[in-house]
Amino acid sequence: MTEAPSLSRGRAFRRAASTALSSRWSLVALLALLAVLTVVFGALEGISGSRLLGLTVRGVLLGGVLALGALGITLVFGVLKMANFAHGDYMTTGAYLGLVVMALLPAGAPVLGLGFGYEFVVALIVVMPLTGLVAYGLDRITFRRLRRRRAAPVMMAMAALGLAFGVRSIVYMVFGADFTFYYQGAARPVVELLPGLRVRTDQLFILGAAVVLIILVYLLLERTKIGKAMRAMADNADLARISGIATERVVFWTWLISGALAGAGGMLYGLDVQLRPEMGWWLLLPLFAAVILGSIGHVYGALFGALVMGIVWQVSSAFVNPAYGPAAAFVVMILALLVRPQGLMGGER
Amino acid sequence: MSLLTVEGAVSGYGEMQVLNGVSIRVDDGEIVSIVGPNGAGKSTVMKLVFGLLKPWEGSVVFDGQDISGLAPERVVRLGLCYVPQVDNVFPTLTVEENLEMGAYILDEPLKARKDRVFELFPRLAERRRQRAGKMSGGERQMVAMGRALMLDPKLLMLDEPSAGLAPLLVDMIFEKVADINAAGVAVLMVEQNAKRSLELAHRGYVLAGGKNQVEGPGSALLSDPEVARLYLGG
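Just so you know, the sequences run in chain order F and G.
Position one of the first sequence corresponds to residue 0 (numbering that gives the first Met the number 0), numbered consecutively onward.
Position one of the second sequence corresponds to residue 0 (numbering that gives the first Met the number 0), numbered consecutively onward.
Hints listed in this document are in silico derivations from the structure and should not be mistaken for laboratory results.
Computed from a predicted structure; not experimentally measured.
Do not take every clue at face value.
Pairwise CB distance ranges, derived in the manner of DEER restraints [to be verified]:
id	chain 1	residue 1	chain 2	residue 2	range
1	G	85	F	124	34 to 40 Å
2	F	139	G	110	34 to 40 Å
3	G	60	F	120	55 to 61 Å
4	G	85	F	120	39 to 45 Å
5	G	111	F	218	21 to 27 Å
6	F	164	G	85	54 to 60 Å
7	F	31	G	194	56 to 62 Å
C-beta: ideal position from N, C-alpha, C; glycine also.
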């Protein structure tokens, strides 16, 4: 397309201005502005800085859990160009599989000042590949058949939604509708990070585990052959086939990894809060919000989005009923997308 | 000996028939160029050979083996590599990673193979850590060709390698094609730039209306009045 040479100065200026305003930095600036407004408004409302700081730390923790879910959604979208609405329920699956594995292990005493024993860590390690295999198995019986028939994206989304209901119903049937805990009534040790800033040791473990898993995913994508093949397929599936990349194998690993991350995220979320059959379902919208804020299909964007969503969710509870946390996160997502519709990482290629 | 033989191929997309009986042959060590007006089915022939389309009629034989409709990920194992006209690099992967993807099917260290590509395209060696999506059109074409050369193919298929490039880069690309061929790789290319590609090619085909209309040595085609007529849309 050639541009008309008679493009008026006013239009050229407006275009340049709108490009500058929708740059990545304006998105970051918008979020910084919101943060400053929060602090100022908080001061006016008589909310102390240390309370906001504490909530921010809680937000980072939640962001770590959200990141594990968001990474899986964005990887599956990148490789398969499909929005997997069942992903939240894969997190639920992981959380309840953890409950089963822990019931099979002899109970241990809490270790290292944490609120749980060795069995939680063992269960986490067992549940990750298990949830990954569940995710791949469900792909084999549903999405793969649809892909082979070149089903429209909306059909794939509907199938994913159906799968979400199905998985959740199975959890209801097997475990009942009540909430439960990994450790009923157990003590939850607390440490003071800074004066007045107290967090549970379990939460530090959760964040640490999330960071380790994120680093492992990074290494996998950047350093291993299968990780590079996943990125290649996300870039250009046809060229991947032409290059001889075994795309079905890439699909297998994509589900295994995103399912494993979902399983870990579900267990860590369950440890922090509680286990409920609809726990993952309620995370689905914030997860997609995180993924979209970071630009869907972009791995590092999803991490950024998850962090923002987690912090907004928690910090907003200083001002409004905590039940509105996800809604507040959505408002911020919408504001951010008004500034930069393609999300943080969009338009990179 | 004939390396690739396409015999009476009929194919197309969905209901739309594009090829109405194309027959093409590439011998060992040859450069063969397919030229023709827009919409003649030039790129379609390439996709057919590489298994991205199935032949409705006719056959594709490579190196003595019938590969009609064989999936691309299988074709590539036989020593046939393909550079599509557009979207021919992985934009978020680095130059080096793009090359590695070209030899994905091999389970061996790729350093020697990468070095050979870097020798052919020294520019890529300088930019090995750069993301392919951030490179110029000419550099991207080098990445695309480099990726396809990683497996040491017997036959390299290039779809419009000079499309959209500045004249200086067009010269460079044609020179590289000659170099690649001099190293013993047969080349089948489709080109808009009929004059340049027929000058380079040992043999050429003129494709129009989904059929090959004229065949002959590149230089002879250039002076053939029939070819001029086809190009003028007669």
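Results of checking the hints against the structure:
| no. | hint | result |
| --- | --- | --- |
| 1 | 85/G - 124/F: 34 to 40 Å | violated (45 Å) |
| 2 | 139/F - 110/G: 34 to 40 Å | holds (37 Å) |
| 3 | 60/G - 120/F: 55 to 61 Å | holds (58 Å) |
| 4 | 85/G - 120/F: 39 to 45 Å | violated (49 Å) |
| 5 | 111/G - 218/F: 21 to 27 Å | holds (25 Å) |
| 6 | 164/F - 85/G: 54 to 60 Å | violated (41 Å) |
| 7 | 31/F - 194/G: 56 to 62 Å | holds (58 Å) |
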